[in-house]
Each structure stands twice: as structure tokens, then as C-alpha cells.
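> Okay, here's what each chain looks like letter by letter:
Protein chains: 2
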Amino acid sequence: MTDTSLDFRVTREDLTRFMQAALVAAGANQASADAVSRALVTASRMGTDSHGLRLLPHYLKALNGGRINGAPNMVFHQRLAATGFLDADDGLGHLAGFTAIEHAMAMASEVGMGAVAVGNSSHFGAAGCYALAAAERGYLGMAFCNSDPFVLLHDGAKPFHGTNPIAFAAPVEGGAPYLLDMATSSIPWNRVQQFGAIGRELPDQVAADAAGKVSRVPGEIEALLPLGGSSFGFKGAGLAGMVEILSSVLSGMQHGFKLLPMGGPDMATPRGVGHFFLAMKPDAFVEEGTFARGLAEYLADLRAQPATPDARVMAPGDREWRCQAQRDADGIPLDSANQSAYAEIAKQYQLAPLSRLD
Amino acid sequence: MTDTSLDFRVTREDLTRFMQAALVAAGANQASADAVSRALVTASRMGTDSHGLRLLPHYLKALNGGRINGAPNMVFHQRLAATGFLDADDGLGHLAGFTAIEHAMAMASEVGMGAVAVGNSSHFGAAGCYALAAAERGYLGMAFCNSDPFVLLHDGAKPFHGTNPIAFAAPVEGGAPYLLDMATSSIPWNRVQQFGAIGRELPDQVAADAAGKVSRVPGEIEALLPLGGSSFGFKGAGLAGMVEILSSVLSGMQHGFKLLPMGGPDMATPRGVGHFFLAMKPDAFVEEGTFARGLAEYLADLRAQPATPDARVMAPGDREWRCQAQRDADGIPLDSANQSAYAEIAKQYQLAPLSRLD
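For the protein sequence lines, the chains are A and B, in the order given. Taking this note's numbering, I'd label the letters of the first sequence as residues 1 to 358. Taking this note's numbering, I'd label the letters of the second sequence as residues 1 to 358.
With the rest of the complex left out, here is chain A (with noise of 0.2 Å):
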């Protein structure tokens, strides 16, 4: 959730000074170090700060415990001409990411698409950074990756899936590029936590108890139910299996009801978190110029379509758009826990601290 109201902001400049010492200090690469930074400030100008700034610390945390090999030698084997294998070697997911889409995308440019597989990887923060790494650059971009579990299957008793995102971007002629960046999810899990902080309940048939029975008292929670509920749980749930499929089975990883969870408590053992990203030239099907202005056809119509009272129809990106523009503006903000998690980076590292924006 966007919150501006907060008043220590940073700019992004700062920000990614401040990221990239403090994984060089604790023993990242440059390159690593660099892809780390463009993906967590890349998600929060976005404003989806659950995949953001906050994610900094637990970075340094596994570098620390040896989970992650800072120093990674990332190694890409070609099978044919439209596949690969990338060995992210226990690297920085965000590393392998922006390196995986590069192969995709240079054999996109010569056979019209390519897809490569992840194996041996780490987390990788949004998925949506590296389908829009590849819109960028006038491609269609697909990302996905599996995650330990949180979910239900549907009609399942115990989590079994991660959120295991989807990602899509497309490039859009003289605009921001279409984005979705999708958890496969009823409900992301920092959302359970914000309900309980401030006394809600939660929407009904999107998390559930240790029973697996569905509830909407965020206290009582210990699954997120597949996208589609109780009822379409089965279209949430096959598609987080797609994911793992494509994610974990095709790099030869374990699937992620086996990984060892994110938040520790070993932070010593790699994980072989796996990933899967695909580019698409778009002119590799009909004749050039033609995906282009139907794309721009098909997102004026969408934006022109009515909405109901009080709301407002929008593009995959035009919110994550609006908050870039307004951030790069007056700041990407830090809640709370978030300046006192970077005051404590500061000193455990001796660096020179974040400049708050006035």
C-alpha cells in the first residue's frame, strides 16, 4: 500500500548508493550489488513495497550466513537455439534475473522468442522487474518463480504452494509499458498482517486456519487460500502449479513445498530457488508496426471503459506508474521499521546514513 503521508523519503539515488555499499560490505560483487539495487528501487518507486526497500536486510542477512554466495559465477549453457539453463551458482536471485532475460532476450532477437530456466537460485524480489526489464527494450517479457510454501491447494488442508508470481509486461509505443505482476495467491501475506494491525477482517475465502478451514480473523491465520477462493480455488491453485512447473521441474530444482523458508532460521544452506523468464519479439508474428498500434488500440479502449461509482479503470501499471512518478518527485518514503532496520545497516557497516529529503 502507497503511503505518502510518511515524511522521511529518500531519493532513489541515495537509496541505491546506500543499498550497493551495504551489499559490497557484505561481500556482494559489483554486479551483484548493482541487479539487487535496480530491483528493489525499481519496485519501490513502483510503490510495491513489499518487495522493495524492506527486503534489504534479510539480503545482507543471508549474505552474512553463507545461504548466498555474494561472488556468484553465473554460468549460462545454451541447448538450442530458443532455450537455456542458467546455474546461478547460490547467487543473488535479482542477478540471475536480469542476466536470464538478457540470454531470453538476445535469442528472442534472433528466432523470435526464447525462455530460460533458472536453477540454483535465490530469492528474487518482483517478478514484474524482469518481464519489464525486457519491455524496456521492446519485448514482451514473461517472469516466473517459485517460492516455500503459504498456500493452500484447493480443497487442501496445508500450504503446498509459495505465492509463486506470475509476471507480464509488454512495451507500449511512446508509454509505460503493461504490467502485471501477480502472486497466484488469494491474498499477499503482508495484506493478513496489515488487516490484523489495524483490527479489520479480512475479506471472506482468501486465507484460512491451521485446519485449513477459512477465516477472517487475521490472528487465526496460517495459509492463503489459492487465487479464486473457496469455491474457484482450483484456477489459483493450477496456476501456482504451472508456475512450479515451469520454475522449478524444468530447471531440475526441488519444487517449493521442499524449499527451506525464506525467513530462516538456517541461513547457512543455498535453497535452489528456481526461476523461468521467456521473451517475445512482438513483430515476430505479423507484419511490423502491427502489434504496436493494436496494443495502443486495445489500452485506449480499456482506460476509456466506465467505472463504477468512486473508482477507476486502469491498465496492469498505470497505479505502479502514477507512484513512480509521484516518488521520483518528493522521494520514496520509509516507514518506521524501515528507518531504524537502515540506521542499524549504517552502523553495523559504517556507512554514511540515508539523507532524509526535506
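The hints are simulated quantities; they were obtained by calculation from the structure and are not laboratory data. Treat the hints with care, as some may be off.
[As the list claims (entries may be wrong)] Just the calculated beta-carbon pair ranges, DEER-fashion:
(1) B:E201 x A:Y349: 44 to 50 Å
(2) A:D301 x B:R137: 34 to 40 Å
(3) A:E287 x B:N190: 35 to 41 Å
(4) A:A211 x B:S336: 53 to 59 Å
(5) B:E222 x A:S355: 51 to 57 Å
(6) B:E287 x A:D266: 27 to 33 Å
(7) B:E222 x A:M267: 51 to 57 Å
(8) B:A300 x A:Q348: 53 to 59 Å
(9) A:A106 x B:E173: 53 to 59 Å
(10) A:A329 x B:E222: 30 to 36 Å
(11) B:E222 x A:N190: 34 to 40 Å
(12) A:A31 x B:E173: 15 to 21 Å
(13) B:N190 x A:F76: 30 to 36 Å
(14) B:L351 x A:E287: 58 to 64 Å
All residues carry an ideal CB built from backbone N, CA and C; glycine is no exception.
With chain A held as given, fit chain B onto it using these hints.
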């Protein structure tokens, strides 16, 4: 919904014979009749009754009206090594679908993956049939299609997207494929009608009245909500948009909002439906055999998960394969509406009627 209490049942061979004869009588060539009967019989065997034998009268009407070309000259334009466009020449979408996924598999066998955008097509039945056709030959398959507007945007007051399905299938060694075939709406349209017929309230957050206001009264429903309902419908709407971009924008067709209604009244004007198909070789990323082993392990772990009381955890497709085994043994049921429709067709085209199983 599977209704095995129906006592009018036919063999799939007889159903195929009847469908093909009717389609040929209405002007379809043998290749088109083969493709339609293959798709409809596949769906009916699996219990996907909304996309099975029920659709035959519709296709006959569209052939008779001239909207659909029964003897199309479908031309495949290979653009790059992994991508191409199939011009379906206003023929039956089923022939376009099976033709396109064949081309996608041929490219995948060479370069690891292949995708085909299809234009100038028509309704193709169940998207799952084409993903399944890939999985039956050892490929991962995906299928997407746009359709005329029934589904609201997130916060939208008027239908904009079609039910825009996503199908994904993966081959399972020695077993039936993983098969996900889902609309990106919250609920299928015919399910709303079924609730109405038995006087039941709809689940919350799945459908809306003419003003776009969520309603649980089947008789008031004028639009479906995107998957995710009022709170998280941006997910379903974003997925529908992804399907739209892949199906119509990549293929240079009009997007779904501008499609003529499938149900008429105009049965003379071609609709220009778009589809998108993708095939991937499972062993195009890591060592041969890794994918098969990993998928078997994932599915075994999934099926061993505990379920909520009176429920059972299933993988996508499990319900369908069970129904298929039962209907292959006992016959495919026709409800009274379909019995009348098929008797009418037999009369109209002077065909031997379906043989009712004892």
C-alpha cells in the same frame, strides 16, 4: 457439471460419426469435421460439458450462415525459427488450433520452443484440447483465446474482456497429462444459469448486475467478475489482458471488446477471433529425463497432501481423467436439451440418429 444420472448415453465413436456427418452436410470439409469432432468429443469425454457436444448446433448454424468457412485454405507463415502466423481463412477454430499447435511442436523440436499466433479464426471449443494435443506428444503446451465481452474490468461497470481462457498442459511419463484449462473470469456463465435454474444464490464476488454492482441473484446478472472478485479482480483482469494481447494483438486481430457476439444474431460475418499457441520441449533446458522425474515427484507430493473434511486434493486434470474413464466405459450422456437438438439435426440433414446405449 458431470451428471452421470442421465440415462441417454452414446459411445464416443457414434458421437464422432454423427458430428462428422452433420458438419460435412453443413459444408465442412473432412479435415474441419475431424478437428471439430476431435475437440468436442475430447471435451465431452472429460466432462467439460460446456465445451463439448453441446456446441455442435452452434457450429452448424455458423457454417450455414456463412460466418464460418467450411473449406478454408489455412496458410502458415513461418516468420522466424521459433515463431509464425497461421491465417485461418475464417475456418473452424478447432482446425486452426490443431494445425497451429502442430507447427509450434515442429519448431520446438528444432529450437526448443515454438509459438504460433492465429488470426481470422473462430470459436475453437475448449482451449485445453490444444494444450493436451502437445502434451500427448511429449511437449509442454499452452493455448490462449480471446472472446466477446462478458467480464468486467477490475472496478469496471461494463463487460470488456471475454472469458479469455488459459490452458497449460505438461506430459507425464506413464500417466495422464497435467492439464489446466481455466477461464480468467470468476465463474463460468453457464454456472450462473445453473444457479438460477435451481433457485440458488451465487457465491459472493463472482458476478454483477447491469450497473456493474456485485449481485448474488442469478436473474440480475449481466456480467461476470474477473477472477479475484471485487478485492483482487485486478489479477483476473490482468490475466485476461495478457490473453487478449497474446491472442489478438500479436496476431493483428481486433481485440475481444470489438468482436461480434458468438451467439449472433449475425451469423454471416466472420468474427476474426485470435488464438495463441506455444509448445516447449521439456528436455530443452537441462539433462534429458530430469523433467519427467521432477514432475512425477511434484505430482506425487501434491496428491499426498491432506484435504479439508469431505474433500480430496487433486492435480489439474485428475477430475477430468476420472470422468473420461467413466464415460469411456459407460458412454457420454446427453441431457434432454441436447437429445432434442441432436434429433433435430438428424432430421434436418437426414442422418442416422445417435444410438442410445442400453
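> Taking the hints in turn, state whether each one holds.
Tested hints:
no. : hint                        : verdict
1   : B:E201 x A:Y349: 44 to 50 Å : violated, 59 Å
2   : A:D301 x B:R137: 34 to 40 Å : holds, 38 Å
3   : A:E287 x B:N190: 35 to 41 Å : holds, 38 Å
4   : A:A211 x B:S336: 53 to 59 Å : violated, 42 Å
5   : B:E222 x A:S355: 51 to 57 Å : holds, 54 Å
6   : B:E287 x A:D266: 27 to 33 Å : holds, 28 Å
7   : B:E222 x A:M267: 51 to 57 Å : holds, 54 Å
8   : B:A300 x A:Q348: 53 to 59 Å : violated, 45 Å
9   : A:A106 x B:E173: 53 to 59 Å : violated, 32 Å
10  : A:A329 x B:E222: 30 to 36 Å : violated, 41 Å
11  : B:E222 x A:N190: 34 to 40 Å : holds, 35 Å
12  : A:A31 x B:E173: 15 to 21 Å  : violated, 39 Å
13  : B:N190 x A:F76: 30 to 36 Å  : violated, 47 Å
14  : B:L351 x A:E287: 58 to 64 Å : violated, 44 Å
Against the hints set out earlier in the document, violations occur for numbers 1, 4, 8, 9, 10, 12, 13, 14.
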